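For the sequence shown, our numbering gives the first residue as 1, with consecutive numbering after it.
No lab work stands behind these hints: they were computed from the structure.
There could be a bad hint or two in this list.
Label-pair restraints from in silico Cβ distances [claimed, not checked]: (1) Leu56 - Leu26: 26 to 36 Å; (2) Ile23 - Leu47: 27 to 37 Å; (3) Asp66 - Asp5: 49 to 59 Å; (4) Ile10 - Ala65: 48 to 58 Å; (5) Asn34 - Ile10: 26 to 36 Å; (6) Thr25 - Thr4: 22 to 32 Å; (7) Lys64 - Pro27: 34 to 44 Å; (8) Leu11 - Lys64: 44 to 54 Å; (9) Leu11 - Leu47: 40 to 50 Å; (10) Gln3 - Asp66: 45 to 55 Å; (11) Asp5 - Gln54: 46 to 56 Å.
Source: prediction; values computed, not measured.
Yeah, the Cβ is synthetic: ideal placement off N, Cα and C, and Gly gets one too.
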Amino acid sequence: MSQTDPLEEILKNENLEKISELIKTLPTIEKLTNKLSELDKRGELDLLLDLADQSLSILDAVQKADLI
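Use the sequences and the hints to build the structure in full.
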């Protein structure tokens, strides 16, 4: 079993393109994590996650009701 050099794998053209795209999204990811941290500090993150979970449960129930 031959092992690939990790640096060679990273330097492949298709991987460099993916890494470049990821780097371009870093400011957005940073804004999102900052906002999530703010919501968590204020105790609002859990509420939002619970509301999202309830909304998905309702949506799932409605979809199942339409199939019956």
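Evaluation of the provided hints:
1. Leu56 - Leu26: 26 to 36 Å: holds (29 Å)
2. Ile23 - Leu47: 27 to 37 Å: For isoleucine 23 and leucine 47 the Cβ distance comes to about 33 Å; the hint holds.
3. Asp66 - Asp5: 49 to 59 Å: holds (53 Å)
4. Ile10 - Ala65: 48 to 58 Å: Roughly 49 Å apart at Cβ, these two residues keep to the hinted range, so it holds.
5. Asn34 - Ile10: 26 to 36 Å: holds (28 Å)
6. Thr25 - Thr4: 22 to 32 Å: holds (26 Å)
7. Lys64 - Pro27: 34 to 44 Å: Holds, since lysine 64 and proline 27 (Cβ atoms, about 40 Å apart) stay within the stated range.
8. Leu11 - Lys64: 44 to 54 Å: holds (49 Å)
9. Leu11 - Leu47: 40 to 50 Å: holds (45 Å)
10. Gln3 - Asp66: 45 to 55 Å: Given a distance of about 52 Å, which is inside 45 to 55 Å, the answer is holds.
11. Asp5 - Gln54: 46 to 56 Å: Holds, at about 49 Å.
This entry satisfies every hint, going by the numbered hints stated previously.
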